[in-house]
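Quick note, the sequence shown lines up with residues 1 to 381 if you use the UniProt record's numbering.
It cannot be assumed that every hint is accurate.
[As the list claims (entries may be wrong)] Quick list of in silico lysine-lysine cross-link-like pairs, DSSO-like style, CA-CA up to 27 Å:
hint	residue 1	residue 2
1	Lys93	Lys2
2	Lys251	Lys302
3	Lys302	Lys369
4	Lys22	Lys95
5	Lys204	Lys282
6	Lys352	Lys369
7	Lys251	Lys204
8	Lys340	Lys369
9	Lys203	Lys282
10	Lys340	Lys234
11	Lys263	Lys352
12	Lys22	Lys93
13	Lys369	Lys356
14	Lys254	Lys204
[What the hints assert, rightly or not] Okay, the calculated beta carbon distance ranges per label pair:
hint	residue 1	residue 2	range
15	Gly80	Gly258	43 to 51 Å
16	His177	Lys369	44 to 52 Å
17	Leu372	Lys234	19 to 27 Å
18	Asp99	Lys282	57 to 65 Å
19	Ala27	Asp179	21 to 29 Å
20	Glu200	Ala359	37 to 45 Å
21	Arg347	Gly119	36 to 44 Å
22	Ala359	Gly119	52 to 60 Å
23	Asp113	Gly67	28 to 36 Å
24	Met146	Ile65	24 to 32 Å
25	Glu365	Asp179	44 to 52 Å
FYI, nobody ran anything at the bench for these hints, they're computed from the structure. For each residue, glycine too, the CB sits at the ideal point set by N, CA and C.
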Amino acid sequence: MKTIIFGGAFDPPHNEHVMMLKAAIAATGATRAVVVPTYSPPHKSSAVLPFEVRERLCRAAFEGIDGVRVVVDDIERRRGGDNYSCLVLPILKKKYGDDTVFLMGGDSLRYLDTWRDPGAILAASPVLAVARVGFGEARATAEDIMRRLGGSITVIEPGEKGVSSARVRATLMLGEHCDDIPAEVGDMIRREGLMREMSETVKKVRESESDELYEHTRQVIFRALDLNSLHNLKCAFREVFLAALLHDNAKERKDASGYDIPKDSVGTPVQHQFLGAAMAEKDYGVTSPAVISAIACHTTAKPDMTTFEKLIYTADSTSYDRMYDPIPALREECDDDFEKGFRAVLRYTVDKLHSKGGAVYPLTEDAAKFYLDRGENETTE
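My request is simple: use the sequences and hints to build the entire structure.
Now the structure itself:
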């Protein structure tokens, strides 16, 4: 019996997951599909939903697919410890038979070299990759991997629009309707109140921001998550979501009394980043130093930034609601190369500030010296 093995976080399972499995069934003639929710994805940030919930959501999403028997296997929970694909695949083959195909998305294929022992994965099973929109030339990637590591990789292109798992999670956590999940999954999420862990924080931000500012906040969230996924930056979803959600929480507040912020920022266009960081900690109960630090430099930048800080800075500067020139071109540059894009954004910001003839905040000048005066190709991490 030909069997498709389909692993993933499924956090939650969405329409593209269902499309991928249906496309794989049509391409291979498989009559059985083994869906393997990851217990603790070793190459990704931790899941938002608990394993037991994702397991039930997988049954709701996949078991109704016609013409195939779907098994949701909890092997990763039973094994515990390291659940790398190179270790799990041989066990699944022994259980379900040798006639298997390992299904993955084009994004996973793109970063297969970063997985534990990709050669062992290819030795264990043929791979079927479903190409996704926005992740480059999957066929060229497959040919390069096979040339170096051997094995068999087949790429299919259903031609349907890709769905971002991170965007799905963010949409649900914002309390918004999501069209990108199966109806059964959506019903379970609503019925059980899932994906609402930050609902009070979201509500507080929504009530405190104008419609225009809140829309900007939404677009920064989606932009940050897109960049994180596109470049495999491996920043934790919760921290990306929270920092982007709160980055401008003080934008429309003028009074900084009661908060400890740099005196030279008071009354300036950069006050809100420092005040926002202080309010995130004091008023929103944020305890993550990374989130607070990212908010505190999202406008000015600073020397020697972490990848996470660069992500929030770049997402804010190239958010999808900014349609004026040269932001669309800067967005493309960031999509092509994150580090070069970050530096291009910083260069644009510094040049714009200098052209206005006013004072530039010292942190921004220091960031320019650190990143731009050292050469565009240097990195600090």
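Contradicted hints - numbers only:
Result: no hint breaks.
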